[in-house]
Every structure is written in C-alpha cells, then in structure tokens.
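Residue numbers (our numbering), protein chains in the order written: chain C, 3 to 344; chain B, 3 to 344; chain V, 3 to 344; chain D, 3 to 344.
None of these hints come from the bench; they were simulated from the model.
A hint or two may mislead.
Note that identical chains are pooled: a pair holds if it fits in a single copy or bridges any two copies.
[Said to hold, decoys possible] Under the rule of at most 20 Å between Cα atoms (straight-line distance), these lysine to any residue pairs were calculated in the SDA-like manner:
{"id": "1", "residue 1": "K145", "residue 2": "N269"}
{"id": "2", "residue 1": "K296", "residue 2": "Q51"}
{"id": "3", "residue 1": "K25", "residue 2": "K275"}
{"id": "4", "residue 1": "K120", "residue 2": "E164"}
{"id": "5", "residue 1": "K21", "residue 2": "E247"}
{"id": "6", "residue 1": "K139", "residue 2": "E328"}
{"id": "7", "residue 1": "K334", "residue 2": "G324"}
{"id": "8", "residue 1": "K251", "residue 2": "N188"}
{"id": "9", "residue 1": "K201", "residue 2": "E247"}
{"id": "10", "residue 1": "K334", "residue 2": "G222"}
{"id": "11", "residue 1": "K319", "residue 2": "V268"}
{"id": "12", "residue 1": "K296", "residue 2": "D70"}
{"id": "13", "residue 1": "K200", "residue 2": "E247"}
{"id": "14", "residue 1": "K201", "residue 2": "V47"}
There are 4 protein chains.
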Amino acid sequence: MTLKIGVIGTGAIGREHIKRISKKLAGAEIVAVTDVNQQLAKQVVEQFQLNAIAYPDDKTLIANENVDAVLVTSWGPAHKGSVLKAIEHGKYVFCEKPLATTAEDCMEIINAEINYGKRLVQVGFMRRYDKGYVQMKEAIDQKIIGEPLMIRCAHRNVSVDENYTTDMAVVDTLIHEIDILHWLVNDDYQSVQVFYPKKTRNALETLRDPQIFLIETRSGIAITAEVFVNCKYGYDIQCEIIGEEGIVKLPEVPSIVVRKDAQLGVNLLTDWKDRFVDAYDIEIQDFIDSVSEKGEPQGPTSWDGYIAAVTADVCVKAQQSGQKEEIILGEKPDFYKNLQQA
Amino acid sequence: MTLKIGVIGTGAIGREHIKRISKKLAGAEIVAVTDVNQQLAKQVVEQFQLNAIAYPDDKTLIANENVDAVLVTSWGPAHKGSVLKAIEHGKYVFCEKPLATTAEDCMEIINAEINYGKRLVQVGFMRRYDKGYVQMKEAIDQKIIGEPLMIRCAHRNVSVDENYTTDMAVVDTLIHEIDILHWLVNDDYQSVQVFYPKKTRNALETLRDPQIFLIETRSGIAITAEVFVNCKYGYDIQCEIIGEEGIVKLPEVPSIVVRKDAQLGVNLLTDWKDRFVDAYDIEIQDFIDSVSEKGEPQGPTSWDGYIAAVTADVCVKAQQSGQKEEIILGEKPDFYKNLQQA
Amino acid sequence: MTLKIGVIGTGAIGREHIKRISKKLAGAEIVAVTDVNQQLAKQVVEQFQLNAIAYPDDKTLIANENVDAVLVTSWGPAHKGSVLKAIEHGKYVFCEKPLATTAEDCMEIINAEINYGKRLVQVGFMRRYDKGYVQMKEAIDQKIIGEPLMIRCAHRNVSVDENYTTDMAVVDTLIHEIDILHWLVNDDYQSVQVFYPKKTRNALETLRDPQIFLIETRSGIAITAEVFVNCKYGYDIQCEIIGEEGIVKLPEVPSIVVRKDAQLGVNLLTDWKDRFVDAYDIEIQDFIDSVSEKGEPQGPTSWDGYIAAVTADVCVKAQQSGQKEEIILGEKPDFYKNLQQA
Amino acid sequence: MTLKIGVIGTGAIGREHIKRISKKLAGAEIVAVTDVNQQLAKQVVEQFQLNAIAYPDDKTLIANENVDAVLVTSWGPAHKGSVLKAIEHGKYVFCEKPLATTAEDCMEIINAEINYGKRLVQVGFMRRYDKGYVQMKEAIDQKIIGEPLMIRCAHRNVSVDENYTTDMAVVDTLIHEIDILHWLVNDDYQSVQVFYPKKTRNALETLRDPQIFLIETRSGIAITAEVFVNCKYGYDIQCEIIGEEGIVKLPEVPSIVVRKDAQLGVNLLTDWKDRFVDAYDIEIQDFIDSVSEKGEPQGPTSWDGYIAAVTADVCVKAQQSGQKEEIILGEKPDFYKNLQQA
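Taking the hints into account, I'd like the entire structure generated from these sequences.
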C-alpha cells in the first residue's frame, strides 16, 4: 500500500520534499531520485539514508516499474518534459510550480493528460492546503459574506537578492495569489493593470518594488494585489475578501502575545519557509493519500497550472505596457470540469 | 473671554454644534442664529434655551457687533456667500465641508482671506482631530515606518437612502479621505482613476457601489480608496499606510470583547455619527480655544478646502471618464505655507 | 443656568478639575477656591485667570451664597469636614475619593445626608464613566453573558515611588476595583483573602508587590484581583467577567497598529493619567448637568464611598492576617436604594 | 529503520493513535494490538488494514520480539501493569496519562526504570508539543519577561456528561495544567487551595463548576487556575504568565476574521479534540524519532507522571478540605535530572 515515489530534481525544494516524505508523512517511500547533477542525486540518497536508486535521467526513472509516482522538483524549464514523459507512462505526477514556463506548454500537457484519459497531474500550489485559506474558502462557499465583490491582498517579503527582477514579482511571487484567488471565489480572470507606487529605497535600482496589480474577474470582482518584496518588517501574506454582506480575512500567523516595554505585540515571520510549512505537509500527504486510495490526485490540476501560466504572462505584459491587458483563457475542458476536487 | 458665536444654518448639523457648544464645551456661547427657515431658527433658540437672537439672514447676523465668530452649517451652495461676508467683516468662520461647491469659489474665498491679511477660516474636516488619525500622523512624521509608499483605505456605510447618487460617493463620502490622506503624508494629489467592482445587489439600480479610487500623489504614493456605502455589516473606516520600513494602521473602534456562542468578537458601529463624535468635540473646542487664545484658528484652512474641491471635481470626472485624470492644484500661496497649524 | 463651583483644595487634582471645568466642559464656572496654603489658592486664580475669590477656609467658601456646589479635592483626612459642612449648608458636593478615611466617618456623612433629606454628595470614582466599563455594565445588565460567576482583574503600574507602602496597594490602587466591581455585577462583598506571590525585584525591600486579592461576593462571585505596581511594562487595567453563558472583557486602550521589525503591535500607556482622562471629563460634566438639570447628582453615592471604606479596611486587615476576613456592610439605607442613578 | 509498535488498548484514543501512526506519521508501523475486548482488537486490525497481530493480552504482546515499542492506551488502572512489563522487557513505552493512578504506583515505575538503567518511558502530556506553549517556554527561558511571578490560566469545556464528577475537574481536566505549568516555569509545586465560585446553573446538581485552584510553587509563583467545564461558549484554553518585566500569553486558536452583522469576530473551538490535534501528531512523531534515532524518548518522563499524580492527589484533597494543602514531592532522582529532554 506504500506509494513508491521518484524525485526528479534534488535541489533545495526536492530535498525538502524527500525529507518530508521520509521523515514526517505516512504512506510513501522514496525509491528513486535523479538530478542533472548526478553526484548530487547520489549524495541525497546517502544523506537521507534512502532505500532508493539514483537514475541518470528523468526518462529512465519514470520508466522504471518500481516507480508509482514522480515529484517534479527540477528547475522550471525542465518541468514540461518530465511531466509529459510521466503521462506517457501513466505515472502520477506532483509537479512544483510552474507546470510549464509557457501557456502553450501547459496546454500540451493538458492535451496529453486528456488523451491519456485519466487525471495524473497535481501542481504544487500549496496555499490551497493552508488552514486559513481553507477556512476562507468554506466561508465563501457557505455564503457567509454573500457574493464576493472585491479582494485586497498583499504578498510581502523582507528582502530579495540581487537576481530578483521586476517580472519575478509575477512569476515567483504573485503566482501564488494568481492560483489561490480564482479558487477562493470560483471565478476566472478577465484583465489586469499594473501600477507602480513610489519605489522603496530598500530595493535595487533596477527593481520596481512595490507593485500593485489590479485584476478583474469575469463576474467583475476587483482584486488589488500588492507585491512588496523588500518590505523589511516581515514575511506577510494578507488576504481579505469583501462581499455583499460582510468581509472575511486570512488570520495572522499565531504567536504568543507579549506585553513589554509599553508594547502589546505578537511576532511576525521573517522567513517565507515558515509560513506554509504545515500546508506543504498536508499537500503532499493529500497527494499520497488521494493517489493511493482514490487512484487520482485531488489537488490543483493541469488546468490550474495553465490558468497560472496564462495569467502570469498577461501580468508581465501589463507590467511592461502600463495598460489594462485582457486575460484570455478559452473554455475549460469538460475533462477538468468533471473532476472530483478536494 | 467667552467666544460669542453665531450659527448660520440650524439644520441637523447646526443643531448638533449648538448642543455641543452649549452643553459639552467650554469658552463659547451661542449668541445668534439664522436659517433660511426663520421659524426653525427661532425654535432652536427655545429648544436649547439659548440666550441668542434669531436673525433674518446671514448678513445681519455676521454684521452684528456681538458676534465674534460664525459657524456655517447651512447647505453647501450657501457656504461661499456666508464665508465671504464673514471675511469682509473680519469675523472668524468655522465652515462645515464643503468650503464651497466649486474650486473657483474656494479660490475666491482664498483670495478674500489673503486680501484681508489674516487667517479667519477653518473648514470642518473633523478627522484631523480623531485620536487614531492623530497617532498615525505622529508615527509618520516621526518616520516610524519610513517614507510612505502606499495607502489602503476604505469608507463603508451600512446603507444609503435613495437620494444618494454615484457622484456623492465622492462629494459626500470620499471627501473625508481626500482631506485626511494628503494631510497624513504631507503630499499633494497628482491623478486619479476610478474602478467599478461587481455591484452589490444591496444598492439601488442607479448607484455604482462599491467604487475604488486609485489616487497617486506627486511623490508617487499610490492610494487605493474603497467607497462602499451599502456594505451592510457596519460603519467602518479603515486606513493603512505602507512605508519603506513598516506599516501603520488606524485602530478599530474600541469595544468590549465578548466570548459567546463559539465566537470571540467585538462590536462594530453602524451609525456614522458615533464614529467621530469625540473628534467633533475636540475640533470645535480647538476652534474656540485657538481663536480665543491665539487670535486665529489652527485647523484645516481655506486652502485645504480648495484642495478638497479640486480633487473631488477630478474624482467625479474620473468616475465618468473611466480614465486616469490629472489633479492640477497650482502653487500653495505663501500665506498658507506660513501658518502655524495644529 | 451656569453652576457656580467652589474648589476646596488646589493641589494637583484640584487644579486638574479647575482646568477641566474652565477649559473643557460646559455649564459651570469656578467662583471660589480655598486651600490650606492660601498663597497657592491665590496663585491658582491668577494662573487660570479665574473670575473667582480665594477664601481663607472651606467654611467661609461653603457658606458663601454665590457658591452652588463644591469640589472637595483636599487631602483625604480633610474630606469629611468639608463634606459635612457642605451638607449642612445644602450645597452639592463632588468629593474625590476617599469620601472619608474611616467607615465611621463615611457613616456620619451618610446620616447627615439622610437627615438633610436630599441627595447632595457624589464621590469621585471616575471609572464608572469609562466607556469600556459602561459597555461591560450594559452587557451584564442585558444578560449577554448570563449570571456572572467570576471576575479576573489586574491593576498594574509601571512603578511607584519610595513612599508607596503595602497597604497603599489597597487604599490607593485596589480602591478603584473595589468601587467598580460591585457596581458592575450589582452585588456586595462578603469576604477577602490576600495572597503574596513571589516578589518582584523591581519593588523596594519593604513593599509586597505583586499582591492577589481573592474577594467573594454575597451571591458567591469569586474575584481574583491582582495589584502589581512595579510591573515595568506599562499602566494596564484589565477586567474580565466570566458568566454562565460567556465572557466579557474590558477593551485594550485604542492605539494605532504597527508592523515593524518582525513585530505586530500596539502601544500601551505608561502614565495612569492618560488612562481615564475621558472618564474624568464625562464624570465632571455629568455632575454639572445632573445638579443643574435634575437637582441632584447621579454618580457614586455616599453609600458607595462607605462600601469602599469598609471594604478597604477589611482588605488591609486581610493583608496583615493572611486569613479570610469577612466584609460586613449592614443594610443599605432606603434613602440610597430609591435614588435614580446614571 | 521503521519502529515496530504494539498498541495496548484499542478504545477511542488507541484507535486515534493507530490511525495517526499508519496514516499521518513517518517511521513507524503498527505490528501488534491487544485489548481486554479481544474482538475489538481484531476489528481494529481489519478496520485500518494493519499488517498486525492481535495478541490475547499485554504480556504476550510486549514479550514478542517483533515489537520495539508499546503504546499504552488502555484505561488508567491498567497502565501500571503494562508499563512495568514493558520495562521488564526493555521495550520503549508511550503511556497515555495517567502513568498510574496513584503516586506510589508511579514511584514503582520510576524505580523499575532506574533499575533497568535506561530511560524507556514517555508520558502522554501532549501540550508540551503545542506550538503556543513551546513559544511561551522559549520566551520564558530567554528571560523575555524576567522571572515569572504569577500565572493565570483557564481550562474551559462547553459541557460535560453526567458521569463527570467534581474530582474529575482535577484528574481529567486540571491534570494538563498540572503538567504544563511546572514545565513552563521550571519549578515545583508547593501547595494548593481550592475555591468554589458561584455555581453555574448549567452544571448538574452534584458537580462543583467552576472551580479555582490557587497553586503556589517552591519559588513562590502564584498560579490561579480556573476549571470551568460547562462554560457553554467554547473549548477554551487560556494561559498567561506575568513576569518581572512583562507578560506572555498563549495565542488564541487561529481563525479567519469575519466582519458581519455589526460584529468583528473570530471562531472559537467547541470540540477539545480539535485544539491539540497538531500537538498529538508532533508528540507521537517525536516519540518515534527519538526512540529510533537517539535510542530513548525525549518527552515527559515517568518523573513528570509522578509529579502529576502527587499534585492531583493533593488537589483532590484540597477540593475536599477547603484548606491550603502541601504538595510534597521528594527529591528528583539524579537519573531524571541528567536526561536530555526535548
């Protein structure tokens, strides 16, 4: 009953998941690893004392009969190839975001999956497993606040390194809001416009920081999404949905309350890795359980990966044009409409 | 030492101030009243047992030697005439918003005041006396959060009556944010663009509700100001300023904390009159004290009234055009630059 | 219609009230002052530019026909004499706590007031005018939390000076809880026991600090009241009432919310004078208005002053004995039962 | 590397742990079960599709070579026997509270463990693995609030069934506070006194509810611990530690924040099982990891079980006597002093 997993890409995030699966979660075993750096793959086997084989490439790993499912945790441009190969062999795939680097490539994966005739792929948008977002989703679905009209959210990092460029505010940062927001309100995106507030002096010369994305959905919900990656004070994810009858807001990260030095305060996180650590655990456990027990994953689909890719493309275009840009998705295939989702 | 005040306009807000001055505040006395409805003015004298004369019009009230200062609480279109007459007679004026209904009329008042050679006029933007906003202003001035980069604010009413039209979202509602925000960040407005989110079904057919105003300042601060006047859940004023080093946010209205029925909650207001009642008291007391002790008011100036009028005009234009519209203020006269302000 | 007030005792609290009445409140005028230090009384007249006479003693001040009401703000041991003289002359009295320094003296005042046949005296327990406590009282009276069963409260000061002795934790500090708690729950005290937790090293050798008072009411409500006068972190008044159906808690002092340096926090007060400044204003305005409009004060009565005195005596006894001590009040006179109270 | 676990007692809590180990956690396998109801044990094997043998009794289960560690989740009176047998066979034991039903029996286990010469036993006090308590512990150990002087805590349940008796407020409810508080402040208990506030009408006739325990530690920390098991409004665990320099307080359970119907609120739990679900997971994972990797458990020891038993006994005595009762522990054996603890 143990799910046998092969990991493609043993960099930081790959090792995190290997550790998670072998040390914290139930029902799965790492039986195979591979990396473009073969030496690294071998080291990982030793480091975590895995009963696993280091394969020379994704192709041989995927093809091996002993492998039930693969985790794609290589760098973005390599995702598509691995996912397509996995589908070809009928293997389950958990693919870290992005599913692929272009909308066209995502569509190729979608077509492959539809042709295969069975859902195999889950995309790694972990926020859907965060307890706060799950509570928000439930509240919205139960019409606690009536119809959603507006969303205000913010994604703030303490700082970023010198390689972080303006478009990464979309593809690395806003991408998580892109996935979670349409899911929260059961809607699709229609258009986006980007505004650049006064630039913080704490960002590099070349980086626009902060940025505000004004995104509209098909039903007219107005989303103001702030990305501020050198905010200095903490790693802070805010999300508030304003509906016809009320408002629902993501909780603050729980923390002891301290009264000291004429202040009453709680701690904020500074490291993004601490924010969704529980969500990562729940996400991977859900992948393991769904595949093992129901024969297909239940998390974000290839179509969700495609939505993210299309929307991110248009957001980057809007960053450059300064204009309101349309987001054109096409019709959701029936294949994905009929899925049972978590 | 008692300031002798004449009140022009004895409608709801006029009576509120009469009650305030005669029953709650120190240092002033209502000695004169007038209203277009002369019967009403006389009733007010009786109702509050004032030792005051009901004059036939603003002109005779202002001209009377016994009157040191006037409160202009008539309807908006009548403000300009009363304020100009008061300046002509060298009387102090506390004028409820708007100072005048057009930017040109405000400028006429400004020129009259400059020509008179002494500051006489205070405009009734009471939020500057709200303890929360005052604390925010102090924090910003002390650079607690570094340079302000963005402001997120919301002005929400439970509901409005059937006479409330889309442009009133600016001239009656957003007008308070217009005044307070430039004061908070010591900046001037540059442009505004309006967005209409999905409309709430709780608003009348003809009213756009909610609305989002994206206002930029000269230095580049990006303000997203929501107006939502049928929000149903409460009267709620939110304001958050995001700076280079941190964020400062207006406090919630204090309330007992109740644990009951699986909820931990505080009460929200529903009536706007309860929100700034303390601010109104402090505002009028400050007008009385400043005039009595320093010989001139210290609150919002005619120039602030002009800023509000110009900005409101452009906001209404932007409501109609859907485009980004420029806000052109002209240079602040030296007369107002040199004032000592509270 | 202006209430003419004489002030007996022009020390710190006396001057505060003089300033309040002449600069912030409506409907009263300081017409007379006196102090054991006659020079000080005269200085006060000048300092606040009062249109008032400095009398040589309380007797002549009270006797003067021009004086409608007196404020007793002398030191505690002098209160009784002034209050009795005022009653004798049928003058209204606002007496700062304590009404008198012993229960017997309070009873003498009570008898004098009953004999005079009309309520004249209000004792200066300002917390009853604090908005938070008023909201708590309303919630309890409306049975929001059902029958109260327990109260947890704390009275914390940053620090005290070297003259502060262990019994002052009762007579200067806990005295405010003593007054407010029986009022909040409409009950009388039955017994008290004192516990001394580990002593803070921030207190002087001779001072027991903190202290915990376990007070029981006649109906069995258990109150745990902490007094901690060298708590260092702030001036903090906490009160929470646990009832059969829920809990109600005093709000924190409102403050802007700051996110900075990995902390999300609000400011706490450090100076006790800032905590109840609004309550003092409302209290004195209520005294003025009630006396002027209804012909008698509505705030805490002489009987409340007596309850405080009796209870404080027993608390001090319990501090010394370490035992549970009974609080014996006697029956509340009908005179006080029938009063209309705010 | 997989820890092979036998479960003694397959009632509710036993099944919870079986599910946890087989479905959520890593590194362990259920290989054996037993229950006084042998039928039940067999059903559990089927229900969870365990690769496990149902043994006739604890003795044979423990003796089996295939079993590395046992979970004792039978009813309290049976714990001692199973734990002693496990020690005899050198098997690791995770024993749900209580370790044994009397202090003497706990001491017998302690002596057995010391004689065996190696730590084998962990007692199931899961709160030590709750993130909020862990943060409090860190803050205290880092002297954030200076020396602890007082603790205020509360343990509140919505309601209890008709079998819940007054002493169960200690042995079933307060027992968790007994374990966690001495751990938080690194101190031992000295005495306890019980107070009975006014009784809620929502409790059965025969049950004293609420109750207040005033517990003092050796160093003089004063703990006021409220137990209120028919509080109606929610399942609520409160803990606040007042130190010389500040206060630290357990966080509220995180929840979305809702503005609706003139209320700003968060949800409270009503079911105790939801409160510490994460702590249970972390606790059992830590037992598995510590035993597997370090060769001994790191959680609460037999000595902690003994402290709980002694203290609970005295608390029950104090419930009955109404007097202050001494808690006499004896000296902690060196064996337990020298342990490496989590």
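Hint by hint, here is what the structure shows:
no.: 1; hint: K145 - N269; result: between (32 Å within a copy, 16 Å between copies)
no.: 2; hint: K296 - Q51; result: between (30 Å within a copy, 16 Å between copies)
no.: 3; hint: K25 - K275; result: within (17 Å within a copy, 25 Å between copies)
no.: 4; hint: K120 - E164; result: neither (43 Å within a copy, 53 Å between copies)
no.: 5; hint: K21 - E247; result: neither (44 Å within a copy, 36 Å between copies)
no.: 6; hint: K139 - E328; result: neither (26 Å within a copy, 39 Å between copies)
no.: 7; hint: K334 - G324; result: neither (29 Å within a copy, 31 Å between copies)
no.: 8; hint: K251 - N188; result: within (17 Å within a copy, 31 Å between copies)
no.: 9; hint: K201 - E247; result: between (36 Å within a copy, 12 Å between copies)
no.: 10; hint: K334 - G222; result: within (19 Å within a copy, 40 Å between copies)
no.: 11; hint: K319 - V268; result: neither (39 Å within a copy, 39 Å between copies)
no.: 12; hint: K296 - D70; result: within (14 Å within a copy, 32 Å between copies)
no.: 13; hint: K200 - E247; result: between (34 Å within a copy, 14 Å between copies)
no.: 14; hint: K201 - V47; result: neither (45 Å within a copy, 57 Å between copies)
The structure fails to meet hints 4, 5, 6, 7, 11, 14 from the earlier list, while all remaining hints are met.
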